[in-house]
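Assemble the whole structure, with the sequences as input and the hints as a guide.
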Amino acid sequence: MSAILIIEQVLNGLQFGVMLFLMAAGLTLIFGVMGLINLAHGSLYMIGAFAAAAVAGATGSFLLALAAAMAAAAAAGALVELTVIRRLYAADHLDQVLATFALILIFSEGTRWIFGSFPLYLDVPAALSGPVTLPGGIDYPRYRLALIGAGLAVAVGLWALTQHTRIGIRIRAGENDREMIAALGVDIGRLYTLVFALGAALAGLAGALVGAIQSVQVGMGEPVLILAFVVIVIGGIGSIKGAFIGALLVGLTDTLGGIFLPEFFKLFMEPGAATQTGASLASMAIYILMGLVLIWRPTGLFGARA
Amino acid sequence: MIPERWLTFAVLVGLLAVALGALVMDRPFTITLATRATILALAAVGLNIALGQGGLVSFGHAAFFGIGGYAMGILAHHAQTFTPLELGPLTITGTKSMPVIWLTAVVASALAALLIGLLALRTSGVYFIMITLAFGQMFFYFAISWSAYGGEDGLSIYVRNDFPGLNTLDPIQFFGLCFTLLCLVLLFAGRLMRSPFGLALNAARQAPERVETVGLDPMRLRLLAFVLSGAVTGLAGALFADLNRFVSPAMFSWQLSGELIVLVILGGVARLIGPVVGAIAFVTLEHVLGDVTEFWLIWLGVALLLVVLFARGGIVGLVARRGHG
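Chains A and B, in that order, are what the protein sequence lines are.
Quick note: to get our numbering, add 17 to the position in the first sequence (first position is 1).
Quick note: to get our numbering, add 396 to the position in the second sequence (first position is 1).
Hints in this document: simulated from the structure, not taken from any laboratory.
Wrong hints could be hidden among the right ones.
FRET-style restraints, in silico, Cβ to Cβ [to be verified]:
(1) I305/A to S552/B: 26 to 32 Å
(2) V503/B to G236/A: 31 to 37 Å
(3) R587/B to P240/A: 37 to 43 Å
(4) E280/A to L481/B: 27 to 33 Å
(5) T182/A to S552/B: 56 to 62 Å
(6) L507/B to H181/A: 47 to 53 Å
(7) L145/A to F478/B: 55 to 61 Å
(8) V610/B to G174/A: 51 to 57 Å
(9) G236/A to W695/B: 15 to 21 Å
(10) G74/A to D687/B: 31 to 37 Å
(11) V610/B to G236/A: 43 to 49 Å
(12) S134/A to A599/B: 45 to 51 Å
(13) Q231/A to W695/B: 27 to 33 Å
Here are some chain A residues pointing at chain B (derived, C-beta under 7 Å) [unchecked claim]:
(14) L111
(15) L115
(16) F118
(17) S297
(18) S300
Covered stretches of chain B (in silico footprint by chain A; criterion: 3 or more residues with CB under 8 Å from a CB of chain A, positions within the stretch not fixed) [said to hold, decoys possible]:
(19) 523–534
(20) 538–546
(21) 656–664
We put the CB at the ideal spot given by N, CA and C, even for glycine.
Have a look at this one:
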């Protein structure tokens with residue numbers, strides 16, 4: 018096991034982590050401000066990926082594809098917020114779960130209807146394809162490195178947005194006391210639609226970015242959604258900082274577990290059995306991490322409310 | 397509006413009549429559909445103990461369904477390949493006997509529910525939903541990576557397991573078996589609702605502080621409800637695996653957890669017969685709409701949205717007034 022392999026895997030873990038952050042940030046914002054659990058967030062991720070694949074196929078421009086992904090996901094998000102989600106803020110969590118589960122069915126089958134069951138492919142842009150040589154002589158895919166950069170940039174942007182802009186102040190105020198800011202003359206309905214569209218755009222962006230290294234297909238959003246849930250359970254619901262730390266923890270645990278656990282078991286087991294045991298355990302590693310965090314802190318690392 | 401007890405009786409008689417009618421008209425496929433509805437109903441009745449009575453929105457009940465399925469798959473696999481099952485120092489031979497398989501499925505899923513419950517019940521609300529969903533997914537990935545029992549491909553069981561005195565490969569006899577189990581579990585769940593435990597559990601859902609002040613521990617009530625709920629769903633999983641003679645990681649999928657909740661809500665939450673009505677409606681919709689369009693799940697989604705937004709109380713809530721079932 019060489020240092021190069023370890024550094025590569027750490028980078029892979031970071032890349033996975035920052036993409037999870039894009040999903041988790043939207044989920045945790047929406048929960049923090051509106052108190053809503055949105056299962057259909059994975060559908061917005063899928064919509065972003067499909068929009069990007071369609072636009073990239075038609076125009077050949079990756080930047081246009083990204084813009085289309087964010088616009089399509091934000092538009093879909095705003096649309097469902099105005100028609101369905103709006104009625105659910107006062108409802109209990111069970112109703113929210115059911116209604117957003119229904120939205121998953123509608124979005125997934127609707128996409129299958131329009132695009133068919135076969136996966137689409139989104140190419141990595143030419144400027145970002147191929148490897149880049151890092152200090153120390155490590156060859157690493159340029160695109161994945163760009164993903165890490167993009168994820169970190171979005172994280173910084175979100176931080177600046179929530180801490181240093183008027184809209185950010187309103188969002189934070191909405192988390193603390195929605196009646197009060199409504200009384201102060203902020204149009205709370207519009208703020209909700211905006212937050213929902215923002216979260217949707219982030220999910221769409223993640224879908225498009227990841228869509229270039231995986232296939233774009235129906236059902237691609239839900240596994241990511243469930244991992245994003247693990248992230249915000251670990252980080253604490255409603256906390257963007259928690260989502261960031263949680264996302265990196267989950268990304269690194271999942272990636273490194275898959276590499277190191279089989280190696281670890283090889284120290285005292287025969288290779289075949291070690292690979293098997295290691296792989297099985299690695300598939301459960303992030304959930305075990307989640308369990309441990311829950312025993313230690315039931316509301317997550319940075320969570321205030323239960 | 398009719399009393400709930402009549403509806404319970406009518407639904408069960410109706411289900412039985414459909415199966416017997418199909419037998420007379422020689423339509424084995426309809427019997428299989430009725431069996432499928434019966435088994436899904438059983439799984440949903442299990443979920444309803446936690447969801448309806450305890451107010452615990454478990455989005456991970458596929459875990460117990462899958463564990464029940466794999467209990468059947470693993471035992472029958474070892475029996476059909478004549479290989480013993482090595483569990484550390486213990487060596488067990490596989491079995492094709494349904495009662496033994498059912499017992500194993502119930503015990504295994506109850507144990508899993510105990511472990512998940514101990515962790516997940518430390519939290520509530522949205523956390524609980526997400527954590528149960530995540531643990532369900534953990535079992536899904538574990539089953540995929542567990543290549544000894546088929547991994548992603550699952551396990552095929554060539555011959556349906558045995559029940560003393562019955563030919564279980566005959567559709568109507570297998571239906572009878574599942575139907576009897578459903579009736580027994582409904583009887584148990586109905587008794588449970590009215591027992592001191594059921595009443596305390598209901599109170600713990602509505603006013604946990606008050607339950608605590610009278611000296612009961614809401615945590616323990618919820619945990620017991622969750623374990624009972626998981627055990628019943630696990631039993632349904634074993635039957636479902638036997639119906640298809642096949643188990644795969646799909647039994648652990650989050651979609652299945654979601655569908656089980658849908659069955660409960662579609663039928664009517666916290667109503668004894670609600671999950672059964674939901675399961676019958678679901679299988680009927682699946683069959684009828686599935687014939688018309690490949691994309692029938694869109695219409696299920698639309699129907700579900702309408703029920704959530706406008707028809708709270710589900711089908712049973714529309715038809716029957718609340719009473720003692």
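- Message: Tell me the hint numbers this structure goes against, listed in increasing order.
- Response: When the structure is compared with the hints, none of them turns out to be violated.
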